[in-house]
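*Asks:* Heads up, the sequence shown is in my numbering, so the first residue is 1 and it goes up one at a time.
Keep in mind that the hints are not guaranteed to be accurate.
[Stated by the list, open to error] Label pairs and their calculated CB-CB ranges:
(1) Tyr136 / Lys215: 30 to 36 Å
(2) Lys236 / Tyr38: 43 to 49 Å
(3) Gln128 / Arg186: 30 to 36 Å
(4) Phe132 / Asp207: 20 to 26 Å
(5) Arg247 / Asp91: 18 to 24 Å
[Said to hold, decoys possible] In silico BS3-like links for lysine-lysine, alpha-carbon gap of 25 Å or less:
(6) Lys32 / Lys57
(7) Lys107 / Lys41
(8) Lys219 / Lys190
(9) Lys117 / Lys171
(10) Lys107 / Lys117
(11) Lys116 / Lys57
(12) Lys214 / Lys41
(13) Lys57 / Lys76
(14) Lys214 / Lys158
Since the hints were derived computationally from the structure, they do not count as laboratory data. The beta-carbon is built from N, C-alpha and C at its ideal position, and this holds for glycine as well.
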Amino acid sequence: MSGKKNSYRNWFVCTLMLLLFTVAESSAQYYKQVDSLYTSKGAVEIQVIGHCFYYFKFNRLNIYVDPIPNVGDVSKLPKADLILITHDHRDHLSISVIETLSKPGTKVIASKSCIKKMDFGQFLENGQQTTFNDIYIKAVPAYNVVNLRPDNVPYHPKGEGNGYFLVFGDKTIYIAGDTEYIDEMRFFMKPDVAFIPMMLPFTMGEDMFVQVVKKLKPKVVYPVHYNTDLNELTEKLSVAAPGVEVRIR
């Protein structure tokens with residue numbers, strides 16, 4: 001009888017440990033490093049989930065940018081209040097993930113080309129703006145000038161994709177989308193935090209990335225969508241844009 005009890009106890013302990021490990025493993029993939037941006041209306045929690053998939057939490061609002069499926073089980077993430085999509089490439093737009101993250105009342109804002117594919121949501125064209133629960137949102141241009149496909153068509157044509165400025169109280173976050181250094185950046189507001197891509201030939205290389213940071217002068221920059229030596233990039237920025245904090249996530 002004692003043997004059966006021991007066997008049951010061992011089975012129970014093993015099963016419990018396996019369950020805890022499974023839960024911890026599935027949760028850990030989303031417990032990325034959490035950064036905070038303190039604003040006049042409360043803190044914005046910032047997480048880079050992967051690629052160009054970001055999560056912001058602000059006053060109980062869950063905000064996602066370009067949520068995609070290849071980062072784990074997205075069903076374990078909090079349901080979205082607001083989802084922003086920059087453009088319609090498959091590494092930025094996933095209708096299935098948007099549907100998984102959505103709940104009744106979820107607001108989806110995207111470029112016009114995205115809305116055509118999704119058949120739902122609100123589109124913002126370059127230069128248009130809106131608000132969501134006191135968060136100011138402005139769509140800005142994001143496109144290629146230098147890097148072209150073999151047929152000389154830009155990887156990201158002008159007018160098809162968006163970058164976004166989000167204003168939380170007295171602080172501003174810039175989400176560049178897939179872009180290069182473009183002339184319109186001369187007129188962009190100065191962000192406190194910027195998410196800027198760096199992957200040739202689709203967006204920009206190190207030197208162009210540095211040029212963008214020098215122009216915008218964010219207090220904090222997150223390199224995203226990258227395939228380069230980040231140590232070398234950090235060294236270049238320390239010379240070209242001293243005082244800008246580079247966060248590698």
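*Asks:* Please list, smallest to largest, the hint numbers that this structure does not respect.
*Replies:* Numbers 1, 2, 3, 4, 9, 11, 12 - these are the hints that the structure violates, sorted from lowest upward.
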